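2 protein chains.
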Amino acid sequence: MQDLPELTKCALRRIAKSVVIVATRWEAKRYAMAATAVVGLSLDPPSLLLCVNKTASLTTPLSGGARFAVNLLGRDHLALPISCSAPYQGEERFERGCWGEWGEVPILEDAQAIFVCAPELLTPYGTHNVIIGRVDAVRLCGELDPLIYVDQGYYGTAILESNFAE
Amino acid sequence: MQDLPELTKCALRRIAKSVVIVATRWEAKRYAMAATAVVGLSLDPPSLLLCVNKTASLTTPLSGGARFAVNLLGRDHLALPISCSAPYQGEERFERGCWGEWGEVPILEDAQAIFVCAPELLTPYGTHNVIIGRVDAVRLCGELDPLIYVDQGYYGTAILESNFAE
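Line by line, the protein sequences are chains A and B. First residue of the first sequence? That's 1 in this note's numbering, and the numbers climb one at a time after it. First residue of the second sequence? That's 1 in this note's numbering, and the numbers climb one at a time after it.
Bear in mind the hints are in silico, worked out from the structure with no lab data behind them. Remember, it's a predicted structure, so these values are computed and weren't measured experimentally. A few of these clues could be false.
Facing chain B, a subset of chain A residues (Cβ under 8 Å, in silico) [unchecked claim]:
no. : residue
1   : Leu43
2   : Leu72
3   : Val135
4   : Pro146
Every residue gets a Cβ at the ideal spot worked out from N, C-alpha and C, and that includes glycine.
Bound conformation, chain A alone (with noise of 0.2 Å):
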């Protein structure tokens, strides 16, 4: 029988999600990561929420109020993930990907979205910080396709047969 820690991360591996890289400057130094712990949260300010290890490079960055980006990927960026995660480091994870820049934040170019967000709230919890990101600035970019990640796999979308949304 597996103890409740370990349970409850193979329960967790079967939400489905998005994959982002969130990145930042801070000190003249660019941060990316991959993420996939990131939700919306309010219209009303317009807000986002995402949940960072507390040893991830970019928690100094966050917790020092940098703004930073939420670049959400398409299935046509599936190398990224890679790219933006150890073992790359500093700017080896802005060696793939299209980057340029909104003010000083970096930014993915062809991102499905981007929110540019300031750092609003942090909640320490556990291994992990709370950080709610009031955004700035949005744009959109090509036609829907996200990537999704899966009990530790990668995948597209697939229309279903009956769809019930509007």
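Using the hints, position chain B against chain A.
Below, chain B alone, put in the same frame as chain A:
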């Protein structure tokens, strides 16, 4: 040109999400609500996070400390998000689906994963509350086949030809 809240709404819709039914019991009544703003938070302690509109019927129970279940839906559950949303209310929301109980907490017996949680920290922000749930119990069921909601439509997953996942 769209204003920032409208543009943020369009961009947030592009984030692909699993669909869950959050369910609880409070003062002898059952409550259920379809939701997509759920993410894993930490394994130490085992925890997840959800964002709930302050106007939702579950706000009172969760603010009051009611234990709740996050029931993760699969493709076969396509009808449930509709039946667990307005205009349906109260017990009407339990008319579809294979509902059981874990202690007093309503659970969907054939959910892809069930997380039974105690609300541990509630942070109001804008129109929503951010609720951290400490996971007490977990159950997994069936082959992985997630129901995905993105841009106001429901989807399944499609395997990618080249997959960098381990």
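Should the interface hint for A:Val135 be scored as holding, given a Cβ-Cβ cut-off of 8 Å against chain B? 5 Å, holds
Against chain B, is A:Leu72 within 8 Å by beta-carbon distance? 6 Å, holds
With a cut-off of 8 Å on the beta carbons, see whether A:Pro146 makes it to chain B. Given a least distance of 4 Å, the restraint on A:Pro146 holds.
Could you check if A:Leu43 really has its C-beta closer than 8 Å to a C-beta on chain B? For A:Leu43, the interface hint holds, since the closest Cβ of chain B sits about 5 Å away, which is under 8 Å.
In this structure, none of the earlier numbered hints is contradicted; all agree with it.
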